[in-house]
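Asker: Residue numbers (the working numbering), protein chains in the order written: chain C, 1 to 282; chain G, 1 to 269.
Because the hints were derived from the structure by calculation, they are not lab data. Among these hints, one or two may not hold up.
Just a sample of chain G residues kept apart from chain C, beta carbon distances all over 12 Å, derived [said to hold, decoys possible]: (1) ALA33; (2) ARG64; (3) GLU72; (4) GLY104; (5) CYS118; (6) GLY124; (7) ARG136; (8) GLN138; (9) SER148; (10) ASN221; (11) GLN223; (12) PRO245.
DSS-like, lysine-lysine: derived pairs with alpha carbons at most 27 Å apart [to be verified]: (13) G:LYS79 <-> C:LYS174; (14) G:LYS79 <-> G:LYS129; (15) C:LYS174 <-> G:LYS130; (16) G:LYS92 <-> C:LYS92; (17) G:LYS115 <-> G:LYS129.
Note that CB positions come from ideal geometry on N, CA and C, so glycine has one too.
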Amino acid sequence: MSRELVNKCFVLAAWGAVGISCLILVSMISVITWNGLGAINLGFLFTEARNFGMSGGILYQIIGTLLIVAVAALICLPLALGTAISKSEYLKNRRMRKLCTALIYGLNGIPSVIFGVFGLIFFVNILGTGISWFVGSIILAIMILPTVVLATYQSINSIPKIYRESALTLGLNKWQVILHVVLPQGIGGSITGLLIGLARAVGETAPIMFIATAFSGVDIPGSPFEPVATLPTHILALAQQATAGQALQNAWGASLVLLTLVTLFSVTALFSRMKLRTISQR
Amino acid sequence: MKKSILKVVQSDLEQDAAPAVEVRGFHAWHEDAHILDDINLALQEYKINCILGPSGGGKSTLIRCINRINDEVDGFTFKGEIHFGGRNIYDKSVDVTRLRTEIGMVFQKPSVFPKSICENVLFGVQHLKKLSRPVRLQMIEEKLKAVSLWKEVSHRLNDTASSLSVGQQQRLCIARTLAVEPKVILLDEPTSSLDPVSSRAIEDLMLSLKQHYTIVFVTHNIQQAKRIADYAIFVCGGRIIEQGPAGRFFSHPEKQQTKSYLNEEFCDC
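Chain C with its partners taken away, still in its complex shape (with noise of 0.2 Å):
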């Protein structure tokens, strides 16, 4: 075969992979999208489920989602600052500082139902704690470190040392630097971070399925140690009664849902990025 040939090949094979990528993406979106767009109304955002999610709507799914996931965020995010700081300014031992990135990875390819299992023997039968969406927080945190810890030390690994050399020798000291010169870079890469993360946590089943929600009976919760509803384990569980009509256009209803919140949080992530970009490029 020619070398031409072997190349427009190549160039067909490359494209076409894009192609059914995108196809797949499209296609999922808008059966998602014709399906849910029937069962979404006003009251179906605005008002509670009732008869185990036959009817009404997934209000306190939607406020259970969003407190689970900021709450994670807010556990997460100084966790992974802590980390990539020290990962980056303090580790100073090549070995160690390896040992602390396979440890980072590994922690991401743990499967997000051993999370949960994990959360249910150590939270909830070890500590004691029972059902609780804070646990789930926790968990969600934990689930999400990674990835922001990473993102994190990327944005400060990439400040030319020059910086921190010229803030030293004026005369700040460590902590100084770290305050002044690398946190101001670094933040922007872990709310970069940390948004991508959550757009993962927010559609998270298996971590908090045991350890932080109930189907049905819970709303806004009045302290930590309470069960809370979200839109994954609504799904799952309208998904699981599908021989009922209206129980599947429900799930419809939340599923959309769900993929607009994992968009947002995608988008805002993605624009973020190209923001803090044009910030350190000026």
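Given chain C, work out where chain G should sit, using these hints.
Answerer: Chain G in isolation, oriented as in the chain C frame:
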């Protein structure tokens, strides 16, 4: 005859004047590489001490040891002493942060922070002491005037520092070092990324600053060293080949390596 004797005596006196910084038997390694080999050196107070030599000869490592910025480098080890202000700066009791405010440093590439021109001038000093607003404004004007940047930027002090030309940025870096009020200023090839006009501006600046500061200026540009040096140190292959008052160093170098480097910019050490 009398005059020339006087001159010799004077230059000897200059050499014997109390040194601002004294390096004694100093060795430095990076991992296994022996970068500095038995450096003995006396840097003269209120003079321009020019360290020259070919690239990779250890000039930068040497001045980076003088304010201990090399401490931050992975795999750096050393042996020997550097004396400043009556004590060894590598002594355990020395406050490194404080030391760096007394021995300032300007790097090869200008490294302005992504902040305004004003904030860049105050970047170091505002963390060292509380400054009232009038003092700040006065300091900004004074330091920018000292590096002859005031006229060029006084109307746009709140612009980002990166909007300045590279030469102006380097002078801004010097201004922010001056704001910390160091006694010694180390400059690591500060003109190597600048155009000739900006380089000359920095050279002139050095000549005006030496009344108040001890200047240690690293360069690989022999002509530049001739123009500004009071005391010259030739470093090559991690060793000091020759050092002395600039007049004698450039007109009558003693060592063969120095002669060949000064004439042909070539060094086989």
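Asker: Would you pick out the hints that fail for this structure and give their numbers low to high?
Answerer: 2, 3, 4, 6 and 14
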